[in-house]
Amino acid sequence: MDKKEIEILELLEKNGRMDVHMIARMVELSVDEVEAAISKFEEMQIVHGYSTLIDWTEVRGHEGVTAMIDVKVTPIRGKGFDDVAERIYRFPEVKAVYLMSGAYDLSVSVEGKTMSQVARFVSEKLSTLDTVISTTTHFILKKYKHDGIIFGEDDNNDRRMPVSP
Amino acid sequence: MSLDTSRFIAEHVEALKPSGIRRFFDLASTMENVISLGVGEPDFVTPWNVIEASYHSLEQGYTAYTANAGLMELRELISDYLKTTYAVTYRPADQVIVTVGASQAIDIALRAILNPGDEVIIVEPCFVAYASAVSLAGGVPVSVGTKAENGFKLQPQELKNALTAKTKAIILCNPNNPTGTMLNREELLPIAELVEEHDLLVLSDEIYAELSYEADYVSFSSLPNMQDRTILISGFSKSFAMTGWRLGYAAGPAELIQAMTKIHQYTIMCAPTMAQYGAVEALRSGSASVEHMRKSYRQRRNFVTSAFEEMGLMTNRPGGAFYIFPSIKETGMTSEAFAEALLIEEKVAVVPGSVFGESGEGYIRCSYATSMKQLTEAMKRIKRFVEKHTA
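Protein chains in written order, with this note's numbering: chain A, 59 to 223; chain B, 2 to 392.
These are calculated hints, taken from the structure and not from any lab test.
Just so we're clear, the structure is a prediction, and the values are computed from it rather than from any experiment.
For every residue, glycine included, the Cβ atom is placed at its ideal position computed from N, Cα and C.
Be aware that a few hints might be false.
Unchecked claim - Computed far set for chain B versus chain A, every beta-carbon distance over 12 Å: (1) 42; (2) 59; (3) 167; (4) 225; (5) 271.
Unchecked claim - Covered stretches of chain B (in silico footprint by chain A; criterion: 3 or more residues with CB under 8 Å from a CB of chain A, positions within the stretch not fixed): (6) 7–15; (7) 18–27; (8) 120–132; (9) 294–301.
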């Protein structure tokens, strides 16, 4: 991967909607070259998709809660944690699963409409798995920053004077 | 009858020309929704670790004066930084002084070296303060213009033509505000030869050195025999996005730095303590945040350069700083008329090249230290404006 390819990835990571013409100008490549690079990233599964960061708390009438669940599991002989993780991440309610170092094994992020819906998922689906030893559920009360973006910050807030030497 | 207080003003201050930027600032300030490419400072906020370190120093009660030349710890870090980055060696104890911005370093350097009537070469187009700072120090500014066809690079022959028996120093800003021009080693060497031949001193304003996008930056001080003839001036404003902290420094021969320190101790005492603690953290934490900002400026430089080229405005691809200096001669307007009409018709603020010296006439300075969103919109508006006025 060369320097310019890394630059393209960094630009897309910050803004998945950035126009290829704009990227081409910024990294001094042709539009064709940028398009070829992006196709390559997609084929190589370096780029897995283009999502949008939405602050749903600002959307009127939207209901939803997110929980971070610490899960202790018994790894399966010969397969480690991967099979257990798969049993969990296949549930559509589960938005993210990470294998962690430290006091527990899997960190599972679950979204639901209400707290009781998430609680039901934990007690009926997650805790009942044979390999799961224990769960600790933490509900997110407020998101300050997500994926490097500070929520509620106005990026048009330029504090500089309009003209200076 | 009220007292005419203006008669108390010293004649040489009365004679100073007000900055051409001031008038433009007043005009732009009265308007709303202006996209400004007129700003001579980073659009980044100071890195958080620097802000946090300064907070911490305040919480710990570090609110007293520091040594006149600045915190020893900071001078040591500056010395290390100059050594590792530009391969120049300065003793923290007597060859480095921490100042209130690079501007104050320029001021006290000039006051330390100039006798009345001494001439100082100023390479135009340049930062608006040089000529006035020379005049205020009792010297005589002598302009040497540079031309677009030479990439706004100082030509040794033109420098030579301007030298007289009274020439004492040259102020060299590399990379340059407002043109973005960067001189490389080969281009600096013949200047260094002239400096030696004519027994001159160089005030090397290297405030934009960290923002150079092509070749490795060469400090004037690192050229053969130049360390004894250079006062290296830089600061934290541009590289660490710390303009409002007002913190710069100068490094040079001990005798000169001591003379500057004398003026500094009687007029300023020391640079702000909390800002110095912030700067300590800036240098300690190293180059990651600088690298991030430099990359972003370079991408924006690439974008605006291609945008101006597409408009058919002749432009030198800037090698450093965060300015681009396209020609607007195609439109037949003066740079001041162009900038004023652009502001009124399209609500885009740029700075007329003429405020940076006569040789800046026919050009405008656009700062690309602003978001890509704003830059994209600004380029659209300038394009529309240029099309309308060249038709």
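Here is what the structure says about each hint:
Residue-level check failed: residue 42 (chain B) sits 6 Å from the nearest beta carbon of chain A, not beyond 12 Å. With a cut of 12 Å on Cβ distances, residue 59 (chain B) stays outside the contact zone with chain A, its closest approach being about 21 Å. For residue 167 (chain B), the condition that its CB be more than 12 Å from all CB atoms of chain A holds, with the nearest at approximately 28 Å. Every CB of chain A lies more than 12 Å from the CB of residue 225 (chain B), the least distance being 33 Å, so the non-interface label holds.
Look at residue 271 (chain B): its CB is around 25 Å from the nearest CB on chain A, clear of 12 Å, so calling it non-interface holds up. Given as covered by chain A, the stretch 7–15 of chain B fails the check, having 0 residues with a CB less than 8 Å from a CB of that chain where 3 are the minimum. With a threshold of 8 Å between beta carbons, the proposed coverage of the stretch 18–27 of chain B by chain A holds, since 4 of its residues qualify and at least three are required. Coverage of the stretch 120–132 of chain B by chain A holds [criterion: at least 3 residues with CB-CB distance below 8 Å; count 3].
A count of 3 residues in the stretch 294–301 of chain B with a Cβ less than 8 Å from any Cβ of chain A is obtained; the coverage claim is therefore met, three being the minimum.
Comparing the model with each numbered hint stated earlier shows that hints 1, 6 do not hold.
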